[in-house]
Structures are given as C-alpha cells and as structure tokens.
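S.K.: Chains as they are written, first to last, in this note's numbering: chain A, 289 to 582; chain B, 289 to 582.
Hints are computed from structural coordinates only; laboratory data are not their basis. Treat the hints loosely; a few may be bogus.
All copies of an identical chain are treated as equivalent in the list; a pair is satisfied when it fits inside any one copy or across any two copies.
What the hints assert, rightly or not - The calculated SDA-like cross-link candidates involving lysine to any residue, where the alpha carbons are at most 25 Å apart (straight line), are:
#1 LYS364 to GLU580
#2 LYS536 to TYR563
#3 LYS536 to ASP423
#4 LYS364 to LYS433
#5 LYS437 to HIS534
#6 LYS364 to LEU475
#7 LYS364 to ILE397
#8 LYS364 to TYR563
#9 LYS437 to ILE395
#10 LYS498 to HIS372
#11 LYS498 to GLY424
These are the residues of each chain, in order.
Protein chains: 2
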Amino acid sequence: MAVRSVERAKAAGGGSRPAERVAQRVEDQSPKRVSEPAVEGVTETLATTENDTRLLSFDELRAALRAVGEERYHHKHPFHLMMHEGRLSRGQLQVWALNRYYYQSIIPIKDSIILSRRPDPVFRRAWRKRVVDHDGDTTSEGGIKRWLKLAEATGLNANQVRSGRGILPATRFAVNEYLNIVRNRSLLEAVASSLTELFSRDLISLRMEKLRQHYPWLAGGLDYFEARLTQAPEDAKFAVNYVHDHAKTRAEQELAIQALRDKCDILWAQLDALYFAYVQPGWPPPGAFRIEAS
Amino acid sequence: MAVRSVERAKAAGGGSRPAERVAQRVEDQSPKRVSEPAVEGVTETLATTENDTRLLSFDELRAALRAVGEERYHHKHPFHLMMHEGRLSRGQLQVWALNRYYYQSIIPIKDSIILSRRPDPVFRRAWRKRVVDHDGDTTSEGGIKRWLKLAEATGLNANQVRSGRGILPATRFAVNEYLNIVRNRSLLEAVASSLTELFSRDLISLRMEKLRQHYPWLAGGLDYFEARLTQAPEDAKFAVNYVHDHAKTRAEQELAIQALRDKCDILWAQLDALYFAYVQPGWPPPGAFRIEAS
C-alpha cells in the first residue's frame, strides 16, 4: 500500500511554473527523446521517504497538502495569469464561465455521492452544508444560481449555459473524473479530493480584485466569489480535520495527498483545454462554441 | 426521448475541418462574443428531422453513422496530419505511443464490462473475440503487447509505458469517460460507441504507409496495425448489425448515433491534449513526460 501510494506519487510526477513551461516550449521539428518525468517538490519529498512509514502529524499533513497546492493548483495556470493581467477578451471570459458552469453544476452531485457513502448522520449533517451552499434554500439562492449570474454578466444566456451546449468535451471528461474519484476510491480519498478549498480563498480574493480592475462590466456578477470567501475555508477546515482523524496509516495519508494531487490535475486540465481551444492554437473541437469577432 | 436525443445531437453541435480551424484561429486580444454552436453536417440532418420518428433503414443508419465519422473521427486531427506528413519528431511519436497505450490498455476492460452486461451467451461468445484480440491467447500475443512493441520501437521502455507514469491527466480523463459510457448508458449505446471501428481501417492503412515512409525506424513496430486491418472491420460489421437489430425506435437509433459522436470526441480530445502539451503551445502539465532535445 505504501509502495502503491509512492508509485502513484511518482506517476503524478513533478511540476513546473508556467514561466518555465513557456521557456521549455517544444519546437515542432527538432528530434526529441522522452525522459522520465522530473520528480521535484512534494513528490520528491514523498519519493525520498519511500521507506518512511511514520504517521505525519497534523501540522506535517497540512504542510504536505499545502505543498501539493503550491505545485499544482491552477492559480498558476497561464489562462488564469492572462485573466489576472486583463488579457482575456470578453469571449474568452464567456467560454470560461460557460465551461466552468459544468464543473459548478456537478459539485452538489459529487457531495451527494459523498453523503451517500457515510452511514454516520453527524458527518452527513456537517457535509450537507456543501449541497445547500450550491443548491440554495429558502434564504439563499446558492452557488449554481450565482455562477449563472456571472455567466450572464459575461453576456451569455442562462438557459444556454444550463443546457451545457457547446462546452468542450475535455471539460466534461475532466469533471466526470471528479465523480469517478468520489464514487470509486475510499471515502477518505473522496473527502481529501475536496481540499483544493485550502487554496481557493487566496485565488478568489485575487480574482475578484483583478476582475473588478480589468473587466468592470463583470462587477455585478461576482456574488458567487463573495460567498465562497467564507464558505470554502469552513469546508476546508472540516475536511483537513477529517483526513487527519481518518487516515490511520502513512499509506492512507499518502493516498489522501494523491487524491488532492489528482483533483488539482482535474482543475488544471480544464484550463489547458480552454487555452488550446480559445487562446493558442485556438482550435475548438467539433461541436464546441465558437468565439466570433464582435 | 426523441427530443432528448436531438437535444444531445445539438449539444454535440457541428464541426469543421482542421484547415478551417486554423483559419478561425482565435486572436488573443480582440473582443469576442460567443454564439450558438454552428449546427452543420449530420447534426443539421438530425436537427431538421426533429419530428421525424421514422425508423432508419439499415442503409440509412449505416450512412448516418458514417456521416458522424466523416465529421468528427480523428483522421482529420492536426496531430494526425502532422504524423502523416512526416512532421512529428521522435519525441512526439513517443508521447503519442505512451499516451495511446493507456487507451489500448482499457479496451479489453471496456469490452469485459460489455460482456458483463449481456445475459445472452451467444452475444458474449461473439463479443469475447475482442478481449482475446487485445489480451492474446496461446496462439497470439494480443494487441496490448503489440502496442508495447510499437512504443519500444519509438525508444521507450516497456515497463515505463505499462506503468502509465507521465501520461497526460487529460488522456486518463478522456479514456475513463469511455468506461463511464459503457457502464452507465444502455447496452445499445455501449455497443454503438465501438463503431469508430467503421473508420479505423482506412486510417490505419494510411498510417502504416506514412509511418513506413517518414519514420522507417518504426517499421519493426507495426504489428498492431497489421492485425487491426482485419480485426476492426469484422468487429464493426457485428456491431452495426447489433445496433440495427436492437434499436427499435428512431429515438434509440439517435442515441446510438450520439454514442458514436461522443466516442469520436474521446479520441479527438486525446490528440488535442497531446498537441497542447507537445506541439503548441507545448506546455505539458505538472507531472507529465517532458520531451528533451536529443
């Protein structure tokens, strides 16, 4: 089990900053060879502790989770960097809002799967908050409705967004993998995969500032982010405690860390697909939305 | 049901040739707006027959399936065009073989899921051939082993390929969606999703010719394709007959056609991800294989 988790950590491999990626841009014609992936950062730490079966303390576990985010969370993705520098067109913000809606729409579904897997009503009462946060109740419209308002602020029609017409197949595949993870892995890993919420507050704060600065016409559509500023840290706190309390061996801790790494990949892949289709080379696949010059 | 299938056909939308895509390349800075997806080709045909509930004849059904391939099968993907024009480097062929191995490796798993869903032993005896074709038996090494030989011919180590280390997360997400389809949709749709085999013979013939011409050092690794030249048409013939015999309504026929469209998207998305990571802009995500200048 320990070997398996370390193997998976290796499989997930190292990472690099977008700036380094730009520097490493592949030239089309020159002969190449493929090497083993660079194993750096947190994965290096894991790889070198292959025989270390010592249980991580709460602080060590939290630090290991944070190191995953530092390395792989999508705050460093080139698409987000363009967004924060004001370099996205309105059309590019539209396809971002449209595709990301599919992700938003499955969040309460994945949380309902998690609810369905835990016999303990105390856990379910706590986790249920997430479904309410997204689906709403009599006092709150909920995150899905708020994301629709953001999409409308970009100029999209809400029905069109809700229908999912024109989203990238790659968006659907990446998001559905999130459902696969919470269905098919241990409940510990399912809970751990939510821990990107450890990192989302900082990204959302920055994003709200930059959206207001560069795209003032979007300012009326930011309620979703406003709500997440308080919701996400509450959820992350609960989930970190859960992972700490329920990962009884180092191998289980490593599986939880890997689940977070895989979740980061799901977020990252969505932005890769947007960038490919709508920035460079700018080739939306058959059936996807086309941005037209206004 | 009919409305649902037409809706899904619309969702899948139109398509365009790579050449058109290049022409439609998105410029980063200009303001854009998002329009409804262009609905053309076969989807146009379906959309305009929304109220047509007439069952398609065998020939009409086959023609509708072939039209899906003409529009969305990955024979027209820019990555394949580069391959056939001799413009891929050895490293780019390596990452193609490496990532595609993951697809190859799940084929007998998805066929085993299909086997598990059909109580009829006559069906299972026929479909079992596919598992044997890929996993091998005492007389044949099987397709997975043959693909490993291809990967080795590109210069990769077989164990490294088998481990899946360094494959693109987007490859895993797209391929896992194929498993989701055969698990979660009707058996009719699961069978129909295999029908890209209607188109694979022509692509494989062309590919073998072009690989021998442009990359003669690969010639020893082409057994996989040689075997598929006869296996794929046999399988496609069985599956087309099955879909014709078991789709009892036009709505079911449309669901089968949509399953083939979705399968085409799965193949296309794998090449989009390869192109993004290793051609242009050439940004492999954290943990993925890096092609190094030799």
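S.K.: Identify every previously stated hint that the structure contradicts and give their numbers, smallest first.
M.R.: 2, 3, 4, 5, 6, 7 and 11
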